[in-house]
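Chemist: Start from the sequences and build out the full structure, keeping to the hints where you can.
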Amino acid sequence: MSAAAPVTGPAALPSRAQARWIGFRTIVMREFGRILRIWGQTIVPSAVTAALYFVIFGSLIGRRVGAMDGIDYMQYIAPGLIMMSVITNAYANVSSSFFGAKFQRYLEEVMVSPQPDWIIVAGYVGGGVLRGLLVGGAVTVVALFFTHLPVHHLGAIVAAVLLTAVIFSLAGFINGVFARNFDQVNWIPTFILTPLTYFGGVFYSINLLPEWARTLSFANPVLHMVNAFRYGFLDRSDVAVGWAFGIMALAAVVLFAVALWLMRRGTGLRD
Amino acid sequence: MHALSIQGLVKRYRNGVEALKGIDLEVAQGDFFALLGPNGAGKSTLIGICTSLVTKTAGRIRVFGHDMDTDLEAAKACIGVVPQEFNLNMFETPETIVVNQAGFYGIPRSVARERAEKYLKQLSLWDKRDKMSRTLSGGMKRRLMIARALVHEPKLLILDEPTAGVDIEIRRSMWDFLRELNAQGTTIILTTHYLEEAESLCRNIAIIDGGRIAESDRMDRLLRRLHVESFVLSLRAPLAAAPRVMGYDIALVDPQTLEVEVSKERDLNELFAHLSADGVQVVSMRNKVNRLEEIFMRLVDRSGAAP
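Read top to bottom, the protein sequences are chains A and B. The opening position of the first sequence corresponds to residue 30 in our numbering, with each subsequent residue numbered one higher. The opening position of the second sequence corresponds to residue 208 in our numbering, with each subsequent residue numbered one higher.
Just so you know, not all the hints are guaranteed correct.
[Claimed, not checked] Distance condition first, Cα-Cα at most 25 Å in a straight line; then the derived DSS-like pairs of lysine-lysine:
1) LYS131/A x LYS328/B
2) LYS131/A x LYS348/B
3) LYS348/B x LYS328/B
4) LYS338/B x LYS325/B
[Stated by the list, open to error] Here are a few chain B residues that face chain A, going by a calculated C-beta distance under 7 Å:
5) THR258
6) ASN296
7) ASN307
8) PHE311
9) TYR312
10) MET339
11) LEU343
[What the hints assert, rightly or not] Partial list, computed: chain B residues near chain A (C-beta under 10 Å):
12) GLY215
13) VAL217
14) GLY223
15) SER259
16) THR262
17) ALA265
18) ILE286
19) HIS359
20) TRP382
21) LEU459
These are calculated hints, taken from the structure and not from any lab test. C-beta: ideal position from N, C-alpha, C; glycine also.
Modeler: The following block contains the structure:
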């Protein structure tokens with residue numbers, strides 16, 4: 030029987046680990062292709078928005094603000110703005126791509142395949158992380174036109190950006206699973222994500238806040254992500270960095286478990 | 208070992224609708240199997256469960272011996288599915304769609320490219336490989352879904368209404384393609400509303416109605432069960448009244464058309480002998496309805512009338 034004969038199917042497959050790796054890579058590369066195909070929607074807007082923030086908040090208002098936590102305001106907000114773009118883009122990529130695949134029904138392509146649920150989740154999350162990093166990189170380049178960014182703790186920068194991208198990709202995945210129309214894909218970013226980001230210490234140090242607001246801010250996961258990231262660049266943080274990474278790791282594990290559980294249960298997918 | 212073995216399959220949706228009420232079905236390896244039923248009978252739910260796109264409420268499914276509860280990945284690797292509705296990414300090209308599908312089945316990219324070329328050529332889509340799938344015609348999209356389902360060379364191919372909305376020429380060429388695929392060893396399960404298609408292609412058949420199997424048998428055996436066949440005769444000259452022939456039920460539909468019911472015990476020679484003797488000249492004859500359609504309607508009516 031030749032390899033191309035129609036009845037060789039499973040026997041022609043490589044090892045299970047290789048097959049999973051190929052499946053994962055295929056999902057990620059498909060997402061990468063989508064990101065590049067619609068670059069005007071996926072990469073450019075965040076870079077433009079970041080440039081506007083730097084001009085308005087950094088150059089114009091920032092001059093009057095002066096130093097924040099002993100650091101030039103433009104430099105202070107740069108890590109937060111990069112992180113904001115990573116959060117928004119990782120989330121948006123997975124929620125819209127997954128929902129789009131569900132809406133057009135081509136999600137069935139991967140659902141009928143032998144790839145286990147965790148590979149499907151990991152593949153979409155990989156796509157979200159990729160877009161988060163691409164846009165984060167673009168915003169970093171924009172930031173470097175306006176300010177200097179020292180690197181104090183490279184490990185913290187890499188770990189914070191990766192964990193954040195994974196967390197919000199997973200959150201976007203869960204949104205995509207539940208969403209029944211495109212409005213529902215946009216609700217969470219508009220009504221939850223944006224407020225969390227703006228109150229997450231991107232533009233200010235929580236030391237400026239009254240006690241109750243400072244305490245409340247600790248419940249905001251974005252605050253921990255932004256500060257862990259800022260710590261990597263500027264060696265400054267409003268929160269304990271160890272705790273911040275602990276919270277991020279825990280959030281990633283919990284969200285991954287929820288995403289897997291939803292896939293296994295077939296919520297919004299197999300019913 | 209069967210290609211597909213289903214035992215006690217039940218599907219109850221959250222709204223309480225019981226789409227499948229205990230399906231038992233076996234499809235032999237190498238078979239060309241027809242799954243027929245009226246709209247809403249449960250065919251697509253059954254296929255959805257077999258391809259793990261729908262969760263089951265109860266029952267057991269084995270694909271080439273692989274239990275879908277305990278050995279899902281191996282079971283899924285054996286199946287290729289062509290769904291009823293288009294489920295293509297509108298912004299991807301046929302080649303990308305087929306190559307990616309191979310990737311989901313763990314096939315290395317170099318092999319995937321070769322197979323994509325092979326199946327896109329076989330399905331006459333190679334010259335469209337770089338076009339966005341949304342620009343393809345309905346028939347091309349159907350063929351693309353077949354190429355996509357075959358790229359991992361499954362042992363069991365499930366086609367849910369594969370020729371819906373395609374013209375006769377393409378339908379016939381798809382039949383030839385499927386016959387050849389089946390002759391090479393691929394087990395095929397087909398649902399269709401074109402009963403002529405099922406009669407022409409399939410060796411075994413199950414009729415599903417109201418979430419139950421109303422009938423499951425060999426196609427030839429099922430067709431032999433038809434006791435009465437209706438024929439439509441076109442006449443050369445008009446008649447004022449239907450001729451009377453003992454043992455045949457003849458009706459004059461219009462002055463130049465007769466409808467004749469012929470029971471299994473009678474033959475057509477006798478009928479034509481009588482008509483010739485009466486000076487009635489028949490210029491053409493056809494079945495009033497397809498034979499399988501006649502059986503299908505009777506079975507579905509009967510199961511619908513059952514309590």
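Chemist: The structure should be examined with respect to each hint, and the outcome stated for every one.
Modeler: The hints, checked one at a time:
As the CA atoms of LYS131/A and LYS328/B are separated by approximately 29 Å, the hinted pair breaks the 25 Å bound. As the CA atoms of LYS131/A and LYS348/B are separated by approximately 18 Å, the hinted pair is consistent with the 25 Å bound. At most 25 Å may separate the alpha-carbon atoms for a hinted pair to count; LYS348/B and LYS328/B meet this at roughly 14 Å. As the CA atoms of LYS338/B and LYS325/B are separated by approximately 17 Å, the hinted pair is consistent with the 25 Å bound.
Contact between THR258/B and chain A, as hinted, is supported at the beta carbon level, the nearest pair being about 5 Å apart and thus within 7 Å. Because the closest C-beta pair between ASN296/B and chain A is about 4 Å apart, less than 7 Å, the hint holds. With its C-beta approaching chain A no nearer than about 5 Å, ASN307/B sits inside the 7 Å limit, and its interface hint holds. A least Cβ separation of about 4 Å between PHE311/B and chain A falls short of the 7 Å threshold, and the interface hint therefore holds.
With a cut of 7 Å, the hint placing TYR312/B at the interface with chain A holds, because the nearest CB-to-CB distance is about 5 Å. The interface hint given for MET339/B is violated, since its Cβ lies 11 Å from the closest Cβ of chain A, which is over the 7 Å cut-off. Given the 7 Å rule on beta carbons, the hint for LEU343/B is violated: about 14 Å separates it from the nearest Cβ of chain A. A hinted interface residue such as GLY215/B counts as satisfied when its beta carbon comes closer than 10 Å to some beta carbon of chain A; here the least separation is about 20 Å, so the hint is violated.
At about 15 Å, the closest approach between the beta carbon of VAL217/B and any beta carbon in chain A exceeds 10 Å, and the interface hint on this residue is violated. Using the Cβ-Cβ criterion of 10 Å, the hint placing GLY223/B at the interface with chain A is not satisfied: the shortest such distance is roughly 13 Å. With a cut of 10 Å, the hint placing SER259/B at the interface with chain A holds, because the nearest CB-to-CB distance is about 7 Å. Contact between THR262/B and chain A, as hinted, is supported at the beta carbon level, the nearest pair being about 5 Å apart and thus within 10 Å.
This hint is violated: ALA265/B has a C-beta 15 Å from the nearest C-beta of chain A, more than the 10 Å allowed. With its C-beta approaching chain A no nearer than about 7 Å, ILE286/B sits inside the 10 Å limit, and its interface hint holds. Interface hint at HIS359/B: satisfied, since its Cβ lies 6 Å from the closest Cβ of chain A, which is below the 10 Å cut-off. Proximity of TRP382/B to chain A is violated relative to the hint, the smallest CB-CB distance being about 17 Å (cut-off 10 Å).
Below 10 Å, beta-carbon pairs count as interface contacts, and LEU459/B has none with chain A, the closest being about 51 Å; its hint is therefore violated.
Violation of the numbered hints given earlier is confined to hints 1, 10, 11, 12, 13, 14, 17, 20 and 21; the remaining hints are satisfied by the structure.
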